[in-house]
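Colleague: Protein chains in written order, with this note's numbering: chain A, 0 to 162; chain B, 0 to 162; chain C, 0 to 162.
The hints are simulated quantities; they were obtained by calculation from the structure and are not laboratory data. Note that the Cβ used here is the ideal one computed from N, Cα and C, for glycine as well. Where hints are given, some of them may not hold.
[Unchecked claim] With the C-beta cut set under 8 Å, the calculated list includes, among others, these residues of chain A facing chain C: (1) 8; (2) 78; (3) 90; (4) 122; (5) 137; (6) 161.
[Said to hold, decoys possible] When the alpha-carbon atoms are kept at most 27 Å apart in a straight line, the in silico DSSO-like pairs for lysine-lysine are as follows: (7) A:135 with A:17; (8) A:17 with B:17; (9) A:135 with B:135; (10) A:135 with C:135; (11) C:17 with B:17; (12) A:17 with C:17; (13) C:135 with C:17; (14) A:17 with C:135; (15) B:17 with B:135; (16) C:135 with B:135; (17) C:17 with B:135; (18) B:17 with A:135.
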Amino acid sequence: MSNLALSAVEIDSEIETKEGNYKIASTTLVIRTNERVELKSITREIAAFVEQSPIRDGIVHISSLHTTAGLMMNEVQGALLSDMTSMFEQVIPSSVYYKHNDPLLSDCDRRNADAHLRAVFVGHSVSIPSTDGRLKLGTWQNVLLTEFDGPNNRQVHVQVMGI
Amino acid sequence: MSNLALSAVEIDSEIETKEGNYKIASTTLVIRTNERVELKSITREIAAFVEQSPIRDGIVHISSLHTTAGLMMNEVQGALLSDMTSMFEQVIPSSVYYKHNDPLLSDCDRRNADAHLRAVFVGHSVSIPSTDGRLKLGTWQNVLLTEFDGPNNRQVHVQVMGI
Amino acid sequence: MSNLALSAVEIDSEIETKEGNYKIASTTLVIRTNERVELKSITREIAAFVEQSPIRDGIVHISSLHTTAGLMMNEVQGALLSDMTSMFEQVIPSSVYYKHNDPLLSDCDRRNADAHLRAVFVGHSVSIPSTDGRLKLGTWQNVLLTEFDGPNNRQVHVQVMGI
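Next comes chain A alone, as it looks inside the complex (with noise of 0.2 Å):
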C-alpha cells in the first residue's frame, strides 16, 4: 500500500469515547406489504424506537426474520425504487426454471425460488450506530424492507445495544 502521508484518507482528529452501562432494547416490527416485488422504507419506525428506547449511543441491528425478504440500505426515491426492482428481475430472473419451483423436485409450492435468490443478495439484515439517540445516517441513507414475496406479514427485529 501507499504511504499513509500520501494517502488520500483523513481520520477525524478527534476521537470520541464513552462509557456506561450496558442495555439492550428490543421489539419487533409488523410490516404490511401489497406488492409481489415492494421495496418499503421502515426508517421513521426505527429512528421512533431507537429515540423512545434508553439507549443513547451504541449500535442498531436490524434484522428480517424471513427467507424471502431482506433489508437494504439506501435512497428512497419512486424512480430509483422502480430501477431497484428491474434491476432484481434482470439479475435473478422470476420467470426461468428454478428447481425449487418444481413439483417433482421440491414440496414448496409457492414458486419464489427468485425470492430467495434475491433476499440473499440485498442481505438479511443491516445495523446502524446511533448517537445521543439518533440514528447516524448520512442525507440519503434509509433502511428499506426488501419483498420479493408478497403480498405478505412481514416480522423485523429490531434491536438496540449501547449505553
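Please build the complex by placing chains B and C on the supplied structure of chain A, with the hints as guidance.
Modeller: Only chains B and C this time, still in chain A's reference frame:
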C-alpha cells in the same frame, strides 16, 4: 413519506429492555468442504456455542476469515441450494476471462477470480440477535457457509456479545 | 441434518470469555476518491484507529454514510480489483436506460442510478471483531471503500464497541 397513522407498519407495543454486565465469548469453527462450490449450514453449531456461552441476550457475529468463502442466511432445501449454485454461475460465470487468473497479470495460481467475486456477492459475515441464549431466527432461516473455492478447510469466527 | 459426530465442522474446544466496562469509541474517515469507480483499501486506517482506542476486545462497525458508495471485504490485488470493476459493469451496466437518470422522471442530475444499484450489491457496512486491540481478519482480508460515483469526498463512520 405517508402519514404514520396510515402506515402499514405496526410496532410491537412492548419494548423489552435488559441491563447487565457486558461479556464477550468467542470461538472458531473449522469447516471441511468437499466441493468447489458448496453451501453448508452451520446453524446448529452456532446455536450450540451460544447456548453454552455465559451470554443470554445480545448479538452473535459470525465471520468468514477468507476472501473466497462467505456467509449468508437462507433456507436449507436441496433444490433451492442447487438453484443458488446455478445463480452464482449465471451472475458471475467461472469460465470467462479474469485478469486475476492470467499468469501474465497475477501471481495467484488458484484461478479463483470467480470465487472472490461471489464472496463479495454474499458478504463475509452475518449477525443474529440472541434472546435467552437462543438465536433469534425465523422458521426457515439458517446460516450457510458459502464455499466458492473448495475443497478447503475454512475458519469461521463466532463471537457473542451481551449480558 | 446429519449427525453432529459425522459433521465436518470442528468447534474449537476453548471458548474464550471476557468481561469488563463497556465503552464506545468512534471517528469519521474522510476519503478522497479520484475515479468514477474506485476500490480503495481503508484497512490500515481502521486498524490504526482501533489500536489507538481504549477498547481491546469487541467489535468494529464501519459504515458508509452514502447511497452511491459502499463497503466490502476482499483481497487487495490489482488484477482482481480490475475484475471486480468489470463484474460490476457486467452485472449492473452503466449505459442502459434508468428512470432515475431520466429528467422526465427524476430530479437527480447526477445520472448515477448504476451507482445506487451497485451500492446495494456490495452493502453499506462491514463489521469486524477486535481482539487485544487488533482486527480479527484472515490473511487476505481487507476493508475496501467501493466508490461508484466519484471523484468524491466520502465519509466513513468507524465505531468500536466493547471492553
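Colleague: Decide, hint by hint, whether the structure agrees.
Modeller: Now for the hints, and whether the structure bears them out:
1. Interface hint status for residue 8 (chain A): upheld, as the beta-carbon distance to the closest one in chain C is roughly 5 Å, under 8 Å.
2. For residue 78 (chain A), the interface hint holds, since its Cβ comes within 8 Å of a Cβ in chain C; the closest pair sits about 4 Å apart.
3. At a threshold of 8 Å, the smallest CB-CB gap from residue 90 (chain A) to chain C is about 6 Å, leaving the interface hint in force.
4. Against a cut-off of 8 Å between C-beta atoms, the interface hint on residue 122 (chain A) holds, since the closest Cβ of chain C lies about 6 Å away.
5. About 3 Å separates the beta-carbon of residue 137 (chain A) from the nearest beta-carbon of chain C, less than 8 Å, and the hint is met.
6. Here the hint on residue 161 (chain A) is kept, as its CB sits about 6 Å from the closest CB of chain C, short of 8 Å.
7. For the suggested pair residue 135 (chain A) and residue 17 (chain A), the alpha carbons sit about 16 Å apart, so the restraint of at most 27 Å is met.
8. A C-alpha spacing of about 19 Å is found between residue 17 (chain A) and residue 17 (chain B), which places the hinted pair at or below 27 Å, so the restraint holds.
9. In summary, the hint linking residue 135 (chain A) to residue 135 (chain B) is supported, as the alpha carbons are separated by about 25 Å, within the 27 Å threshold.
10. For the given pair, residue 135 (chain A) sits about 25 Å from residue 135 (chain C) by alpha-carbon distance, which is consistent with the 27 Å threshold.
11. A distance of roughly 19 Å separates the Cα atoms of residue 17 (chain C) and residue 17 (chain B); the hinted pair therefore holds under the 27 Å criterion.
12. A hinted pair counts as satisfied when its Cα atoms are at most 27 Å apart, and residue 17 (chain A) with residue 17 (chain C) qualifies at roughly 19 Å.
13. Of the pairs offered as hints, the one joining residue 135 (chain C) and residue 17 (chain C) holds, with about 16 Å between alpha carbons and a cut-off of 27 Å not exceeded.
14. Between the alpha carbons of residue 17 (chain A) and residue 135 (chain C) the distance comes to roughly 23 Å, so the proposed pair stays at or under 27 Å and holds.
15. Among the hinted pairs, residue 17 (chain B) with residue 135 (chain B) is consistent with the structure: their alpha-carbon atoms are about 16 Å apart, no more than 27 Å.
16. The hinted pair formed by residue 135 (chain C) and residue 135 (chain B) meets the criterion: a straight-line CA distance of about 25 Å does not exceed 27 Å.
17. Simply put, residue 17 (chain C) and residue 135 (chain B) have alpha-carbon atoms about 23 Å apart, close enough for the 27 Å limit, and the pair holds.
18. Between the alpha carbons of residue 17 (chain B) and residue 135 (chain A) the distance comes to roughly 23 Å, so the proposed pair stays at or under 27 Å and holds.
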